[in-house]
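Colleague: Those protein sequences? They're chains A and B, same order as listed.
For the first sequence, position 146 (counting from the first letter as 1) is numbered 145 according to numbering that gives the first Met the number 0, and the numbering increases by one without interruption.
For the second sequence, position 41 (counting from the first letter as 1) is numbered 40 according to numbering that gives the first Met the number 0, and the numbering increases by one without interruption.
It should be emphasised that the hints constitute simulated quantities derived from the structure, not laboratory data.
There's no promise every hint is true.
[Stated by the list, open to error] To give an idea of the interface, some chain A residues facing chain B are shown, with a C-beta separation under 8 angstroms as derived from the structure:
1. Gly70
2. Ala236
3. Ala240
[Stated by the list, open to error] Far from chain A by the CB rule (all over 10 angstroms, computed), these chain B residues:
4. Trp50
5. Asp53
6. Val81
7. Val84
For every residue, glycine included, the Cβ atom is placed at its ideal position computed from N, Cα and C.
Each chain is listed here by its residues.
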Amino acid sequence: MTLTALATLGLVLLGFGAGALGAMVGVGGGIIVVPTLVLGFHVGIKTAIATSLVAVVATSTAAGSVYVGRGLTHMRLAMTLETFTTLGGIAGGFVAVWVSPSALAAMFGVIMGVTATLLLRTKDPLPRAAGSGAGPAVLGAEQPGRLAGSYYDALAGQLIEYQAVRLPLGAAVSAAAGVISGLLGVGGGFLKVPAMALGMNVPIKVAAATSNFMIGVTAIASLFIYLERGYVSPLLAAPVALGVSVGALAGTRYAARVSGRILRRVLSVIVIAVGIEMMLRAAGITLVP
Amino acid sequence: MSPDPAAERRDVQLLLRIGLGTAAVLMGTGLLAALASGPQPSPPLQIGDLWHRDLALSVRLCGIGILVLSATPAVRVIALIVLWVRERDWKYAAVAVAVAAVLTLAVALGSRG
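Same shape as in the complex, but just chain A (with noise of 0.2 angstroms):
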């Protein structure tokens, strides 16, 4: 694509309403930055998703930057499960570049329709008390050497204690997580948030935050895999991971001011709407010229 000033403009604001998006509903920018760029902006698959995967790596940097402080991410839990989303990431990036645009289109529709439902099944997160057998509490931190930690929940006004469970499960669900970010260049948080919240016993604010912390490295592990066939454009990228970082950062911030069950339905319509026009797409059919 020819790159003027009004689709730079059109690429920043992209990526500022992915990220900003992302960190308030807790799915990764990719969802909305390959289909956009893609329909909207007519950019090769592959393209789109090397952009994406710049722009996930851009979410987890800013995003992270800010929730580490907070002490929500559990770094030692993040870096256990990145060992198996990095070599998932690598896996992807691999079978990414000899599968068929259409059939990754195809893949990428189903994928949408699988966020769009956990998105409207996820609910509110209910803040649980500390002090339940969960070990000793130290304040907004990890405790060095295990997989536990506490935080302080500023909606409930107390801290929350929490101890990670069944590793196993994280591991094999993180390796799923990790080939869908290489192949699609998605986040991989609506596997990996459901599986942390509802199957580790970890709060649904600390499994987004680590999961946020996380996808920055899975994607690197596929990126240099697009860098070196050629797929990264850099006036393309640029500006989308430039929108996605200070969108982000606003999205962090303004997250708790927003409600999430309405975002979530808003976020579900369009992601359904665009995955179907990214089946049809797929099987030859255009909707959007």
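Following the hints, complete the assembly by docking chain B onto the known chain A.
Modeller: Chain B alone, transformed into the frame defined by chain A:
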């Protein structure tokens, strides 16, 4: 870098901010240079192309900004290895070394073509 948990968080936070800020300045300057030179194509490039003599400054700056941004999560993995070794948290230092090894593998596999 200090071994206490609060300082650990501050160190990682600072590192992420420096990486993001540096990348943003490079990409922002590159984009402004691109806009100043009028409409232009935005072809995909390989990493090696960034050092090509004939490459426009705007594309080079944006590309280097993307490389700095991409390197930031890798650098924080190395920083956490150092921090956890200093805390004598050997188990998680070893986990971080494993992640660094997988990332090295990704670079090696990617560059083999």
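Colleague: State for each hint whether it applies.
Modeller: Going down the list of hints, with the structure as the test:
| no. | hint | result |
| --- | --- | --- |
| 1 | Gly70 | holds (6 angstroms) |
| 2 | Ala236 | holds (6 angstroms) |
| 3 | Ala240 | holds (6 angstroms) |
| 4 | Trp50 | holds (13 angstroms) |
| 5 | Asp53 | holds (15 angstroms) |
| 6 | Val81 | holds (13 angstroms) |
| 7 | Val84 | holds (12 angstroms) |
Hint compliance for this structure: no hint is broken.
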